[in-house]
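A.B. asks: Here our numbering is used: the first residue of the sequence shown is 1120, the next is one more, and so on.
Do not rely on the hints blindly, as some may be mistaken.
What the hints assert, rightly or not - Taking CB as the label site, the calculated pair distances span:
#, residue 1, residue 2, range
1, Thr1138, Asp1266, 37 to 43 Å
2, Ile1269, Leu1222, 19 to 25 Å
3, Arg1177, Gly1265, 47 to 53 Å
4, Leu1162, Met1320, 19 to 25 Å
Hints were generated in silico from the structure; no laboratory data involved. Glycine residues also receive a C-beta, built at the ideal position from the N, C-alpha and C atoms.
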Amino acid sequence: MLAVLFAATVWGTTGTAATFAPEVGAAAIGAAAMGLGGLLQALRAGRGILRALPDLARYRLLLVLGGLAVAVYPLAFYGSMRLAGVTIGTVVTIGSAPLLSALIERIFDRTRLSARWLAGALTGVAGILLLCLAEGAADGGGPGAGDAVIAGIGLGLIGGFTYALYSWTARGLMLRGIRSSVAMGATFGIGGLLLMPVLAMTGAPFLTSWGNAAVGIYMALVPMFLGYVCFGLGLAR
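Could you build the full structure based on these sequences and the hints that come with them?
C.D. replies: Encoded structure:
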């Protein structure tokens, strides 16, 4: 529980941290954070990954699906915050993830959704809508602002779905006997590799100032590396 709480706390700092590097694009922020953080997780679990290669190959569909979701998630999440604002982007992405996670489990694992879950889901959706409407009304905005917010909400939903998807695939690997550090390291390592071309194409602004570089280093080390290490420990329990 404490590990998951720590992970949630540091993840909550990502949107604010990104605002300290406004000249760095959303794709670069996402690629640096999840890409470098994912590679660090893979390096940390390197020996375990090598020993578990036969098992990982057996469940390669789950592994590849999770890696693709890891690569898409940060691009959608940080893009959502840039278009719709930090509050709306964060609320939609993080708020929709548990709902989408339950739907994924219902479809693939045949998990039953109770009336209590449905009531909670409706309450959550209503809360997300109210927060988005309130934030949009407070910001006002000029011509085209509404379209940007709608696009940002769409990206936030994609972010929530991919977050739920890689959580489900990683959990699936763990339930099949693969250690949490190996499951998370392999999944995030694939995602990190997929994000490296994006970072190479968009990451030049990180090198223009120490402030930008510090944001990239913080995002990779704290929320994405330490945060997901703790998240993996929580998933395994």
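A.B. asks: Now, for every hint given, state plainly whether the structure supports it.
C.D. replies: Consistency of the hints with the structure:
1. Thr1138 <-> Asp1266: 37 to 43 Å: violated, 22 Å
2. Ile1269 <-> Leu1222: 19 to 25 Å: Because 22 Å falls inside the window, the suggested range holds.
3. Arg1177 <-> Gly1265: 47 to 53 Å: holds, 48 Å
4. Leu1162 <-> Met1320: 19 to 25 Å: holds, 23 Å
Checked against the numbered hints above, the structure breaks only hint 1 and satisfies the rest.
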